[in-house]
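*Asks:* Here is what each chain is made of, one letter per residue.
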Amino acid sequence: MKMGNMDNSIEVTDLVTQYGDRVVLKKISFAIPRGKNTVILGGSGCGKSTLLKHLIGLLKPTSGKILINGKDTTVMNEDEFNEVRKRMGVLFQGAALLNSMTLEENVALPMREHTKLEDSTIQIMVRMKLDLVGLSGFGKFYPSQLSGGMKKRAGIARAMALDPEFLFFDEPSAGLDPVTAAGLDELIVNLRNVFKMTIVVVTHELPSVFMIADCVIMLDRGEVLFAGSLEELKASGNERIRMFLERRPETETYSPEDYFRFIAGN
Amino acid sequence: MPSTAESVFGFIGRRAVSLLKNVHDASRLINNTFYWTFVSPFKGKPVRIRATVSEMVKTGYNSVPIVAVISFFVGIILALQAAYQLRKFGALIYVANLVGVSITRELGPILTAIIVAGRSGSAFAAEIGSMKAAEEVDALVSMGINPVRFLVTPKLIALMIMLPALTIFSDLVGIFGGLLLSNMLLDINAVNYFQQTINSLLVKDILTGLVKAWAFGVVITIVGSYQGFKVEGGAEEVGKRTTASVVASIFLVIVFDLFFTTLFYYFT
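Sequence order for the protein chains is A and R.
First residue of the first sequence: 0, per numbering that gives the first Met the number 0; consecutive thereafter.
First residue of the second sequence: 0, per numbering that gives the first Met the number 0; consecutive thereafter.
If we strip away everything but chain R, and leave its shape as in the complex, we get:
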């Protein structure tokens, strides 16, 4: 029987080794993904355009309704919450500033990212995971086709384009939600509200939101694909990995949000 100290060090060692292996696998995937997306197309290995467009439809176009509804509601909620405080100061017109700035800088990108992580991040993990379980990934390798180039690159390009696009859409719908509520319940003239929003927003507010959205797109693709490629067993593990991909990508989206928000706070 090993002593307590041996078991403790053994435990720490085993955890450290498996953690290091995960870090190693993840960095290799990130490295490969960026190589096959940004370097190899210039060396004569073109990106699969049709697959990319199909991914763009699945991840972007098909998310439009849900993004619209959620952004609209959040716009209304924000306007109501803002009015609750601003009414005390008779400054209701500043609802427009608050809604505009918080939607474009923060809520637009992060809400979109969370919806896409739930819809597409999980779909990536499930798709790649079930392909791994059915030996389809092995089949790709045996045909001399790199699975990262074949599967991950189209998804990465799709999300890098569609997440900022969805974010712009979410910004517009959210602001419209705030406008509608202010017009109907707070008796603010729609034109005034619109003017106030335009005046309060800076180009950098929208741009920082889009930079975040782009980064979130990369995070969601990498996490979903990483979890998919991690599948070794059968259907049960595909389910587990899918769940893990959603949890991990939402967590990492928020971590990156914190990072970028801090960065932009000091450097813009």
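Chain A extracted, bound-state conformation:
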């Protein structure tokens, strides 16, 4: 993947994030192709959630550039970024529907806030979006009355409300049973096929990766370990990638000196 390529909708260059002294992302660079499903893969604590927060503008990086459609979002102010956000949909880990509102109101919220559409038009669009994710007839329900899988589907309907160019998913299958998770994965694949959206999924679930990914970016300890297609990932001989794919536990080995220092408390 070359930099400056028009086929890439998101390009990240030399991104560094620090929380205090701890460096979470160490100068990472990659590109996300347009109209494909890209999975950001990695173990817990590798910085993948932090990376997602940078892409959707919830966190500002310490240094580095994030180009979305060729524009650097790290130097934008809130108003400029909000224009970009209108073309993004995000599904959060817990779906993050507003609990005080019904599903209809949740899905209608971005339309009411950002468009001047008539309420009757909004109603029709809301029903279309809910139907799209298989939730027709649930519009009057509150999020607390739904199962985890249904909440996530409703979250997708809300993310799709403004027909975005980009969809971001944070651990879509977390906390779901295998059947529901597979249903959600299938929905993600269908969305790409039908709407040609650029979809970015952050996950560590291997079955999901194999089902939905066109491209994979694998993070490890704050660095990009792998970037390429799913086939290339499967064929990779890298030790840490193989460990991840074959679900082998990480064995930490201490040298005697390290162990002594550790138990001595410094």
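Simulated from the structure, these hints should not be mistaken for laboratory data.
Some clues are possibly wrong.
Unchecked claim - Listed next, the in silico EDC-like pairs over lysine to aspartate or glutamate satisfying Cα-Cα at most 16 Å (straight line):
no.	chain 1	residue 1	chain 2	residue 2
1	A	70	A	82
2	A	195	A	213
3	A	195	A	6
4	R	44	A	82
5	A	139	A	103
6	R	203	R	105
7	R	42	A	78
8	A	52	R	137
9	R	44	A	112
10	R	229	R	134
11	A	26	A	222
12	A	85	R	105
13	A	59	A	13
14	A	59	R	137
15	R	44	A	77
16	A	233	A	213
17	A	59	A	77
18	A	52	R	134
19	A	35	A	213
20	R	229	R	137
21	A	64	A	103
22	R	42	A	112
23	R	44	A	78
Add chain R to chain A, keeping to what the hints say.
*Replies:* Just chain R now, with coordinates in the frame of chain A:
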């Protein structure tokens, strides 16, 4: 090992840095809240009317019973305490003056504010805090909706209207409590008591009370929302922040009361 001096300066430095950060966060919230409430509606970003009305019902209308009961009791207590002293001088009719002035100038606004801080200030912190914990605030941001405009502005407008309104109500009920007691136990004719109250009260007594109530409404909203937005972790922190919001808003209400009372003493 750092020396004692190093630890002392380190301690002072860390506390100062975290204090400065809190001051910074609080001023930013205040700035944003006033911007989204008073400036942006004139730039084509309207206030959410329905949410505001719903907040007004929750914070104002639903507090009416408790405000009524407490104000009524305090009116009675004030009349009794006043009678205890005034009886010695045979000046029982001045109970009306004392009850009227202390309720409208002081106790009406502050009692209402403390009740609302306990009911609504804590509710604001808990609501925003649990939304923060469930990533709902992040979701708002990612949809391009400013959380301060969406969550805080309706609450601020609701309290700016409802706290003075509740205060007027509290004034009336408190005075009525004093009247009832004086009529029944102190043998003061109700009409005389009423006349005496009207004569003793000045418009400025009531107005200064309402200005205070308005300021208390702002303080309670800002403190509750600030504590809510401070939540980073889970449910446990929501509880902690809720408690902190009640303590801080009652404290700040009294600080502002002191400030306004002093101001009005010299300048009205």
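*Asks:* Give me the numbers of the hints this structure contradicts, sorted from smallest to largest.
*Replies:* 12 and 21
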